[in-house]
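**Q** Spelled out, the chains give:
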Amino acid sequence: MTNYIPVLIIIIFAFLIAALIVGASSILGHKISKKTKLDTYECGMKTIGPTRMKMNIRYYLTAMLFLIFDIEVMFLYPWALVTGNLGMFGFLEMLVFVIILLVGYVYVWKKGALEWE
Amino acid sequence: MGAIGFKFVVFIVAALLVIVSSLLMTTRKNPIHSALWMIVTFFAMAVIYLLLNAQFIAVAQIMVYAGAIMMLILFVIMMVSLDNGAQEQKRFPMAMGTRLSWALVVVVLLVELMFAALFYQATAKVGSYPAEAVASLGNAKTMGMLLYGKYIFPFEIASILLLVGIIGAVVLSRKNK
Amino acid sequence: MVVQIPEMDFGWIVPEIAMTVFAAVALLLTLFRKKNSTWLFVEAMPLVGAIVALYFTFQTWNGNIDIFNNLYTIDNFGVFFKGLSLVILILVTLLSYRYIDREDMARGEYYSLLMFGTLGMMIMVSSNNFITIFIGLEVMSISIYILAGLMGGNAKSVEASLKYFLLGAFATAFLLYGIALIYGTTGMLDIREIAGYVNSGNFMVTPTFMAGLALLIVGFGFKTASVPFHMWTPDVYEGAPTSITAYMATGVKAAAFAAFLRVLFTAFHPFLSGWTYMLWILAVATMTLGNITALKQDDVKRMLAYSSIAHAGYILIALTVGDRTLSSTVLYYLLVYSFMTIGAFAVVIILGRQGSPNTGIESYAGLAGRHPVIAAVMAVFLFSMAGIPPLAGFMGKFYVLTDAIRGGYYWLAIIGVLNSVVAAYYYLRVVMYMYFKEPEAEIGAPDVSIGSTLAIAISVVVVFYLGIFPRLFLMIAHTSSAIFM
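Protein chains in written order, with the working numbering: chain A, 1 to 117; chain B, 1 to 177; chain C, 1 to 485.
There's no promise every hint is true.
Said to hold, decoys possible - Not the full set, but computed from the structure, chain A residues with beta-carbon under 7 Å of chain B:
1) Leu61
2) Asp70
3) Lys111
4) Leu114
Claimed, not checked - Quick list of in silico lysine-lysine cross-link-like pairs, DSBU-like style, CA-CA up to 30 Å:
5) Lys46/A x Lys150/B
6) Lys37/A x Lys150/B
7) Lys35/A x Lys141/B
Calculated directly from the structure, the hints in this document are not laboratory data.
We put the beta carbon where it would ideally sit given N, CA and C, even for glycine.
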């Protein structure tokens, strides 16, 4: 259980800092009420169209590729914990794993799937 | 308050959070709100996994589910049309009787599962990694030792599985040139 | 805790490594090609890869060794099915050369996914560990989900891919759940260890264990397209590119039956007698439903899909009999079935044209008058499927039904024979259209290429050879299935 104390401290600090920033700006800041101020913020321009617009399908491809490489990271996490016990063997097996995925990465890159158009 | 008591309190809080947030998830009209409540469910479940000494699953839950898969779900919600008309549609065109009978079936199955879990003793042999052994080394480390030692062959094949997934994602979502 | 670093027996997995390397090279070659340059290198990859892998696979015959901490097994059963899937890969590649040009599919991806799919089959059929079986199955399945949808502009192909993916994901979940329940009740993943444990006398059968076994049967039943888990088959087989349909109907089915057979006959053989009724019903339902529905099909591709369901039923007869000494029948049947099915789909491919697959039965009318050779080979494959001597299909059915009689399953044998009679009707209907009907429209020139000619020629020769001289391959099948004794 004691292993989680640092995690707890980080969580407490995260909440504290967030509360501090929001609280400070609400106490110290000027309060001017205008209609424009309450409007939806869109890069300082006048808002165009509704909030719910259809997203382009290309985002989905990016998300899917992210998911796949995220899973690769999941494999790296327990490996990082035991790499001391595994030594050279562990390095080589992970190298094979990464090289096979690198083929996929080269494929994605050359295919232009990472470019917008 | 001892460690057991503390764990119990954390479990109760996390379990209530799971139940409440999943109820909110299923009852929200706005799908984006449902998705956000689902993230809360995932996080609360990650806490329960931690209590069960399954650290790896907890991390995977947050990284893969709350991170990547949730993003996919949000993109899907944003890709489909969200006209107001669609929201007013009856979500399940089922009569009340049908709904109740389905609910009854689910409840019966769950109770059955509970009884099965309570009254049938598992006949499994005690494996090489009982809970104490795992706890002494840490779940993720035990898993790492197995995955990168004994199970190296399926591990390497898993990279091919991911490669096939990459090819599929690219080739199916882009038009052939 | 000590890390168990396995010995690196790479010598035994050269075929698998070769497949991986050739598939990766095929993928990368497409990326670095010059515009309008020849595709020859990419197209040669699956052939060369399969031949290299086939050579090294035969080197491991009689190897009988467990490698990588018993997670991978080299035995004759595995070698048999590895060889079969590689031969299927060669035939499907030959079929594809003209076809994927015609339908404008992504070439590099197509060939490399074909090879990855074959790799998945090879892994799946030669492991005694649930983890490896599962991951092999997944590599195979995911490759084929993608392959089924490669005809991007074709709505039916996309539908087939999506349908297969969604239902396949469910089936895989069932399979995985079954594995989890069996692991939960035995604490083991190695099917030989499970066999030892369930036979040891310390084992108590629990509902959880039986539920696990049932879920396994559901999962494999889906992959082998057995009734009542066959619903996806007609739509997917019809919508997918025809070459991929041939691949699914033969490779996937053979690999799934191989893993099914290995799991059932090794780990769960003591329980098989309790499951006989269920398998009996499964076999009868699969045969009958496949055949009866095939009667009504006017689309040859769809008819072949139902016929492949029916053939799964005949194989299930052999599983129902459950005699481990007779399991060579299954191997022989799958061998025969693969060649005649690929041959029939090859004919379907060469009769199609870009954008119009011409799979309606009326487009086969009068084929004999215009293209007598094509009509003749199609007739050979159809007669073989119907089980008419001296073709291979007859021997396959003969051995299966003999098994049933030897095992005392007389009703099963009778139903099997009756089903063959029903099946003969719809196979002969196509033959009748080809020979005795006048063509309604002008038959265009068939899209014959060297590759498809070669594939058809090989299939015809093998169908005759296995029918007339079944002894050699029956002996090989017998030696391969000796691992169960």
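**Q** Taking the numbered hints from earlier one at a time, note which ones the structure violates and give those numbers from smallest to largest.
**A** 4, 5, 6, 7
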